[in-house]
Amino acid sequence: MSDGHHHPAPISPVEARARALEELLAEKGIVHPDALDAVVTAYERDIGPMNGAQVVVRAWVDPEYKRRLLADGTAAIAELGFGGPEGEHMVVVENTATVHNVVVCTLCSCYPWPVLGLPPTWYKSPAYRARMVREPRVLLREMGLDLPEQVEIRVWDSSAEVRYLVLPEAPPGAERLGEEELASRVSRDAMIGTARL
Amino acid sequence: MNGIHDLGGVDGFGPVEVEPDEPVFHHPWEGAVFGMSTAVLARRLAKGAQFRHAIERMDPAHYLGSSYYEHWLTGVATLLVERGVVALAELESRAGGSFPLARPVLSTDAPELGPRDDAPRFSLGAAVRVVNAHPLGHTRCPRYVRGRRGVIVRIDGAFPLPDVSAHADRPCRDHTYGVRFTARELWGPGAGANEAIHVDLWEHWLEPA
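Heads up: the sequence lines are chains G and D, in that order.
If you count the first sequence from 1, position 61 lands on 61 in the working numbering, and the numbers rise without skipping.
If you count the second sequence from 1, position 1 lands on 1 in the working numbering, and the numbers rise without skipping.
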């Protein structure tokens, strides 16, 4: 170690297992490494909550689009060019002053990839999956969203084919902001339902 | 199966830990596992229901003690070993150590669907009760709604019933519904008064209430 030579950190057992499978699948011609890189790049760069934010802003500024979005989420989202795996059957649920929607998947971690990207670790955690259906108001408060008792909470457990997107209420003063500025205010968590804007 | 994955309503996990500005993948191997798994499914080496079931079959301690992408790695490797695409010995030799897989399928009995009309059996607003059954195979009906009464709030069309498609290659399309349950129906009188939980269920799991 005194010669300054760089020793790479030993890899973890799970990483060694992933590499083992990757090597075998490449040798057997089942998965090409370049194809893996392309998938990773797509979800790191192009597929994420900025897509959902475009959908939300369009609904805020265009009442006719909002009507279509709530009637047929999949078709209205496809109008903006978003669709694909885990977004084939989209339902959009609208927050109002008296109704708050929040999405969970208790059995695995189903999530609307085309509009929100891949889910954050907390969404996949046992604590979130266990508690959101059991004590949503308590859990939302813990996560920073304190909803008065008179606001009805609607939890959506994505247990079949539908994937959900929450349409948040527009923030105060939204009518004075341009679409780009509005889109920058739409958070991923507001589209899951663990935050409001 | 009443597996460790069926987490709705389980107590004792503590607070939800949120990592600010979390990356999409924390390590390159996570992205590789994501890409390999989606490729294996896209090449139809396994069905989505089988992939989910493979993860559900993980040893419960391994499941709770490992990350989401380790679940995926274990699930996809289990399926590939079970199908003879790769050998466990090859995996362990390359990995330089043990490669824990999921446990075997408990039962391959898939339910027979009764005769089905083209039209859904239940209409919007219908009162339904979830069947109280505990199959050993794959299902997407969470335990916390079994035997409970709800109301149909959406009719979503017919899709393959995972209880069948995970175990058999035969037609099994069945209507799916969004079903609304009050929190008090699920959790008793101590639950919030103004809270509802919606679960998406196949007709196979519903009966008139």
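In case anyone wonders, no lab produced these hints; they're calculated from the structure.
Heads up, a few of these hints could be off.
Selected chain G positions facing chain D (Cβ under 7 Å, derived; list incomplete) [what the hints assert, rightly or not]: (1) L70; (2) A71; (3) W122; (4) P136; (5) R137; (6) E142; (7) L145; (8) L147; (9) I153; (10) D157; (11) V162.
Here are the in silico distance ranges between beta carbons for each label pair [said to hold, decoys possible]: (12) G/L70 to D/N2: 49 to 55 Å; (13) G/T96 to D/D11: 27 to 33 Å; (14) G/A38 to D/N132: 45 to 51 Å; (15) D/L88 to G/A26: 15 to 21 Å.
Idealized CB from N, CA, C, for every residue including glycine.
Against the structure, the hints:
1. L70: 12 Å, violated
2. A71: Result: violated, 12 Å to nearest chain D Cβ.
3. W122: It holds, given that the least Cβ distance between G/W122 and chain D is near 5 Å, below 7 Å.
4. P136: Holds - the Cβ of G/P136 comes within 7 Å of chain D, reaching about 6 Å at its closest.
5. R137: 5 Å, holds
6. E142: 6 Å, holds
7. L145: Because about 12 Å separates G/L145 from the closest Cβ in chain D, which is outside the 7 Å limit, the hint is violated.
8. L147: 9 Å, violated
9. I153: 5 Å, holds
10. D157: 5 Å, holds
11. V162: 6 Å, holds
12. G/L70 to D/N2: 49 to 55 Å: Violated, at about 36 Å.
13. G/T96 to D/D11: 27 to 33 Å: For G/T96 and D/D11 the Cβ distance comes to about 31 Å; the hint holds.
14. G/A38 to D/N132: 45 to 51 Å: 46 Å, holds
15. D/L88 to G/A26: 15 to 21 Å: The hinted range 15 to 21 Å holds for D/L88 and G/A26, with Cβ atoms some 18 Å apart.
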